[in-house]
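Visitor: Chain residues, written in single-letter form:
There are 2 protein chains.
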Amino acid sequence: MQKLINDPADAALESLRGLQLAYPHLLRVQYNPHVVIRKDAPVKGKVAVISGSGSGHEPLNVGYVGKGMLDAACPGAIFTSPTPDQYLAATRAVDGGAGALYIVKNYTGGVLNTDIAQELALEEGYTVASVLVHDDVAVDQAANRRGMGAAVLVEKIAGAAAEAGKPLAAVARLAHRVAEQARSMGVALSSCTPPSVGHPTFQLPDRQIELGVGIHGEPGRRRMALAEADTIVDLLAAPILDDLELRAPDTVLAMVSGLGGTPQQELYIVYRRLHELLTQHGIRVERSLVGNYVTSLDMAGCTVTLLRLDPELLALWDAPVRTPALCW
Amino acid sequence: MQKLINDPADAALESLRGLQLAYPHLLRVQYNPHVVIRKDAPVKGKVAVISGSGSGHEPLNVGYVGKGMLDAACPGAIFTSPTPDQYLAATRAVDGGAGALYIVKNYTGGVLNTDIAQELALEEGYTVASVLVHDDVAVDQAANRRGMGAAVLVEKIAGAAAEAGKPLAAVARLAHRVAEQARSMGVALSSCTPPSVGHPTFQLPDRQIELGVGIHGEPGRRRMALAEADTIVDLLAAPILDDLELRAPDTVLAMVSGLGGTPQQELYIVYRRLHELLTQHGIRVERSLVGNYVTSLDMAGCTVTLLRLDPELLALWDAPVRTPALCW
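The listed protein sequences derive, respectively, from chains A and B.
Going by my numbering, the final residue of the first sequence carries number 333, and the count climbs one at a time with no gaps.
Going by my numbering, the final residue of the second sequence carries number 333, and the count climbs one at a time with no gaps.
Quick caveat, the hints were computed from the structure, so don't treat them as lab data.
Among these hints, one or two may not hold up.
No copy is singled out in the list; a pair is fine if it fits within one copy or between any two copies.
No farther apart than 25 Å at their CA atoms in a straight line, the calculated lysine to aspartate or glutamate pairs in the DMTMM-like style are these [as the list claims (entries may be wrong)]:
(1) Lys49 with Asp235
(2) Lys72 with Asp211
(3) Lys44 with Glu281
(4) Lys72 with Glu317
Chain A extracted, bound-state conformation (with noise of 0.2 Å):
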């Protein structure tokens, strides 16, 4: 294992560390449960809107907070959902009296701890209303479909309609729509290593590549042969347009992530194609997204996002935001 790292046991709590101390100015950590806080929470009169998801999908979910996006992330332990009680804490610290929306991806313990989560937190007096993302299409049932990158776009549109001030009610609308129409699907080229496993999750033999993988490793649809960039972005765009019923004119705002070991330079070769075979669909493509937004610790790799647009969703998806991972 070659890892930048120190106890792996320790990993997951220095890495908050490091993310506190780079980022002073716009979040605090609490310990114990860990909670990264928007430096300015609780906003009086806003709608709190707090993510969780294991650690080793960074920047998800602490690298979006901040004024725009998140009020709170709750990092669980690496691959691990966030415990009831995490949620809990960041409730408390962020509710500003409008009620607090959970962002939940689709996996058991996840949502198990997140109902807890927030039967807990009405019993102590909040209003708080949750939106399950599971934008998976390897996965063929729908209710089984896993939380992918689709979380980053309903973080982003849910935070920008708390900022512009409108009630718990609309900014858990709004965010179920965007969990409604935002898709994914990932590939594999190699597999990953948690600190604390020490060895890769999976095997993945030499010019073998995952297609369809889950964000933790997970099986996807098929394991194939290595192919060109290009044909490996169309299996992963084909289902998902089939999912959306894409079709001309529709718009939409394409997401391109890296899994976390696969440079910058392939991520935009992965991303030309994607605007190609978009483009001759007919399907503008409004807004896009590229780089390391939703990662599996060191996975070679990326997933594809794509979210149809309207004039509305464009609008929140354009307001300001300034977090360490989104900025304009």
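Could you slot chain B onto chain A? The hints should help.
Guide: Below, chain B alone, put in the same frame as chain A:
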């Protein structure tokens, strides 16, 4: 070779096409010779800031084109200095009548090519100054020191000075000051594989690291056994502290850049120790940058860069910037 590419010979070009499609609001790309140009260039009456490097170091330099930073970037072939033609085309495209500054990293080919370009540009009536970036303390002789992460800092600060309307002499003087007050050192935890080569450029056995590695995989100071992150950070920082004669109560900008294959979580762990170490020395970290800023394809590892700050450099650093890779 597990890469998201098509024909390896097209990787650099296709990546540029993706960049152009992803950031049409910030830049445009001119081909043959390849130059990435700030969208609103030439800006009349403003000094033009131009930088070049081989491809494979993304976001350096193409991701730093935009308001407040570079007017143009010249991307060479992978790990290959741009040609004089590229610099000349860039100068013609972005000169706003106030002269141009070439930011040159200290590699034989790069220096030679920008010297030629500068002569050609002068013959065409352009006023051109240049600044040499040579920040890699892993190389003993100062004259032979390679350019690394300091290029990002020179580009940002020179770009801000130009944006503020300073004349060429002042922009060049500030760029020199940054180049003289910034030092770097890197460590590789893996080799890297250029697409057209198809195999790693050097061999690094498991549990060995290359301390002082160059950003093209050039040999470093020594090969050693993998150690804890904190130990590695101390070994990277010590020669920089010595060389810059940093001591209390100096203030610095601290940058930790991943080399392309290292996830964000590890970079935060590295930054945590760097901040702690500097604080122990009574050196105040006034600003920081933690992410993939100067990379080496898919190499695992990182570089550490420190810049001694003064109020003028700090104000220029803080000035607004809007590029694909830096924004505030």
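Visitor: Could you tell me which of the numbered hints above are not met by this structure, giving the numbers in increasing order?
Guide: Violated hints: 1, 2; rest satisfied.
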